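The sequence shown lines up with residues 744 to 1038 when you count with our numbering.
Misleading hints may appear alongside valid ones.
Stated by the list, open to error - For lysine-lysine, the following DSS-like pairs were computed, each having C-alpha atoms within a straight-line distance of at most 27 Å: (1) K811 <-> K999; (2) K811 <-> K786; (3) K1033 <-> K950.
What the hints assert, rightly or not - Label-pair restraints from in silico Cβ distances: (4) L800 <-> Q1004: 16 to 22 Å; (5) G983 <-> R958: 36 to 42 Å; (6) L953 <-> V865: 34 to 40 Å; (7) A890 <-> L933: 45 to 51 Å; (8) A757 <-> T782: 26 to 32 Å; (9) H821 <-> V865: 38 to 44 Å; (10) A758 <-> N927: 27 to 33 Å; (11) A890 <-> G941: 44 to 50 Å.
Hints listed in this document are in silico derivations from the structure and should not be mistaken for laboratory results.
All of these numbers come straight from a predicted model, not from anything done at the bench.
Glycine included, C-beta positions come from ideal geometry on N, C-alpha and C.
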Amino acid sequence: MRANSAFGKQEERAAWLFVLPAAVSLALFTFYPMLNALTISFKEYSLINPEAVFVGLANYSGLLSDPKFINSLLHSFHFALVVIPVQTMLALGLALLVYRSSWVTGLFRTIYFMPVVIAIGVASTLFKLIYNQDYGLLNSLLGFFGAGPVSFLSDPGLALYGIMLLGIWKSAGFFMIIFVAGLNGIPNDLYEAAEVDGATRTQKFFKITLPLLRRTLTFVIIITTMDALKIFVPVALVTGGGPADSTTTAVYYIYKIAFQQMEMGYGTAAAFILFVIVMCISVVQLRLLKTDVEY
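Using the sequences and the hints, build the whole thing.
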């Protein structure tokens, strides 16, 4: 018994030694900066003025009455409400097309996944060229069919949709692979039994595939929501928040306030408001999409 106890303690010490580097890394580079940022959010703190003045909840109350911040949140929600369903359905549709193993589906998996491995900066620059009103590919195609040039990036009503298309194109392949993994985990016996009972493809999809993909779907929706609400690089590189702030999302607003206007306390408070919003949305999604289905 003593030998077993000593061996168990030795294993426990070894486990802690393996965990220690990750724990130290989280403490130094995640939790400490978050706590420090939370402290700064209660101060009037500027990057060009080292003197910080404690202002309590003034930054938060100012943000809640700031129309620019509210509009940036609305733009982020608009982006998320369009991207989440479209990207999820597109990724699931692609997964249903390629989840069977063969050289043809392997080729198409590679093609659909290629946008994921392209750097977001490169993809953003590419789409900026495609959208160009004078020599962009889209306007060249429209001109070929006799349609006039469209201001994809200078029209406030269209610019955000251009960013949405970029986001969907960039990420759909990644979530396709997640769905493929979920589909491959569903036992084929269930489909065979359904065929014996005379079930159609549509019935098999809604009665077997969707219920057993519930957990995968939950993961995809939550990750897509977080990615959509914190969209930044495409906005910064393609439109710069314009035209007329029509593509200024919450994260881009935070960047402008904190690093362009140097109001770090105000920007940090905005970041924590966004953090709370994303966390609440994720919790609600987890509750709504919770499932007890096992296979």
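Which earlier hints turn out false for this structure, listed by number in ascending order? 8, 9
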